[in-house]
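Kindly produce the complete structure, drawing on both the sequences and the hints.
Taken in order, these protein sequences are the chains called A and B.
Residues 1 to 289 in my numbering are what the first sequence spells out, letter by letter.
Residues 290 to 625 in my numbering are what the second sequence spells out, letter by letter.
Just so you know, the hints here were simulated from the structure itself, not pulled from any lab data.
Even glycine gets a Cβ: it sits at the ideal position worked out from N, Cα and C.
Hints may be right or wrong, so weigh each one.
Said to hold, decoys possible - To spell it out: a stretch of chain B is covered by chain A in this simulated footprint if at least three of its residues, at any positions, have a beta carbon under 8 Å from a beta carbon of chain A; those stretches are:
{"no.": "1", "segment": "419 to 427"}
{"no.": "2", "segment": "484 to 497"}
{"no.": "3", "segment": "551 to 562"}
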Amino acid sequence: MEIIVYGVINSVILSLTALGFTLVYSIARMPNFAHGALYVTTGYLAWLFMNKFGSLPYPVAIVLAIGITAAIGAFMYRFILIRIRGMEISEIIATYAIGLAILEGLRWGGLRGMTFTLPPFIAGSMNIFGVSVDYQRLLIVAVGIIVFAALYLFTHFNRVGLALRGIAQDERAAMMLGIDSDMTAIISLALGSGLAGLAAIMLLPLGNIIVEVGYSVLIFAIAVSVIGGLGSWGGTILASFIIGFAQILTEAFLSSQYQMVVALLAIIITLLIKPSGIFGKQKELEERV
Amino acid sequence: MEMMRKERIDRGVRVRTAGLYAISTWREMLYLIGPPLFLIVGMIILPIVLEFAPYWKRVINIVCVYALLALAFDFLANFVGLVCLGGAFFVGIGGYLSAIFNVYFHFPVYLSIPLATIGGAALSTLLLMPALPLRGVYFAIVTLMYPLLATRVIEALNIFGGTNGIIGLDSLPNAYVEHYLIIIATLIFLYGLRRFVNQDMGLVIRGVKDNDQAVRASGISVTRMKAFAVFVSSFMGCFAGAYIAHMYSWAGTSLFALDFSIIPIASVVIGGGGTLLGAVVGSFILVPVSELLRNFGTFRIVIYCVILTGFIVFKSEGIMVYVMRKYHQFERWVKV
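Listed below in structure tokens is the structure:
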């Protein structure tokens, strides 16, 4: 029972971290390797707002931090990535370099050690099917479901959201109908960064804010997206459940140090069997694998 | 109103057809062989010139190590189309293998380095095999994870000395062997690779990058070509790793560190992708800068990344292409 409950929670955590990456890739066709860096930045900003800059109340700090992260994502596209869009090698190297610069800059700026923690929203825990689960984890599951529902509604019943989907499906046709490709890319990067920030705010109270989290978040996000098929949302959810349960199982039967190994093995197996991912139908031709 | 336009003209001597140069005077010959001669002679006399600066003498080795890694990255990214973000994986494999051969099996240095180079290259190719059918983003993602995974595995299983690493490797016989081994290796790999990519085999490999379907249609296995390219690339990486392990007499998980992945990439971007020579020039610029900035700790990586992004966005051709253009062509203003 414990495996099922924590498996679900872990899967929702994974899908929350991967959602931003998938969103940016599906709309802007840009692998955002700075995802992990944005994640850590949000947590650090929230900590700064609460503890250094005038000790703002927690909700205000959260909103500010997520807003700033979204703005960073938008600026990143507007001033840097817009110039190299379409050049695959440059995109990868540039976003990776930006992410590294942010992470290592934070480490240099004093983000070291175990002193940086965010408080959980609600303390305490309760029993579900005889398994003790704290409220923060329950809240994560709730927020995960809300975010997915909100994104679905946004992309299906909102003009901006429909424009995003239009660009994602057929860029040329969408541009012909008067949708600004760069504008949607900016929106998608802002949204993706904001989602990374939201995931950070929800998940970081479970642990410390450290630089290494950025790398592992990036890797898990990428693993989930690759296995689900880059850019496919349904695939992201399914893949995060696969990896989430696989991780909990290895943790229960082996040791928690093998979590990363599980992610990589899952990637390799997926790539061997179906390289474009579980739901990556449209890109089979494009990738020519 | 008079309009002026800049015109760019080739210098006369650059007449080259299938390896034949039309040269007639000493001046033209010097024009052609001057730059490579400058590089080769410069690199060979560098340890002698820097005799009075022992600290910087050691930096040469590190520069050459990064130059090798940058060559490996440049070859893989710009000639085969596989962006490998995990260059550190090759370094780690080479270093660890060399350490195992040297410490556990008591092989001498001159046996353990070649064995580690060849064995490591074979091992890396084998391990990267599942990722080979991939292109672009997918390959970059998977290779990014390899060095991180290797570190985790070594720490989790507590093999090869765990977090402490393997200590007590034999160091190289003397300082001159240490310098010239890596300098000559760099030169050989640089000019060897440059020759290689212009041969038939290199043409096929470049074809894989531009149009792999055409290569497949010619009855050549794309995956085998990619595997061969990865072998060549990891050969250089593993040699660099084995050399580093013997230079420091130590092999640990820091051989899988980020530095070995990001600095070569930065060197290639700064030097100019696809020129091979640019990779060496780039590391000759970046690594001394990095030594000067040693006090800043991890801030160095921030500086590389900023330089890297700047170059990729504003000057993506790199220094080497720019310099070569200035050398081989001249510009003048003409009336339209």
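Hint numbers not upheld by this structure, sorted from lowest to highest
2
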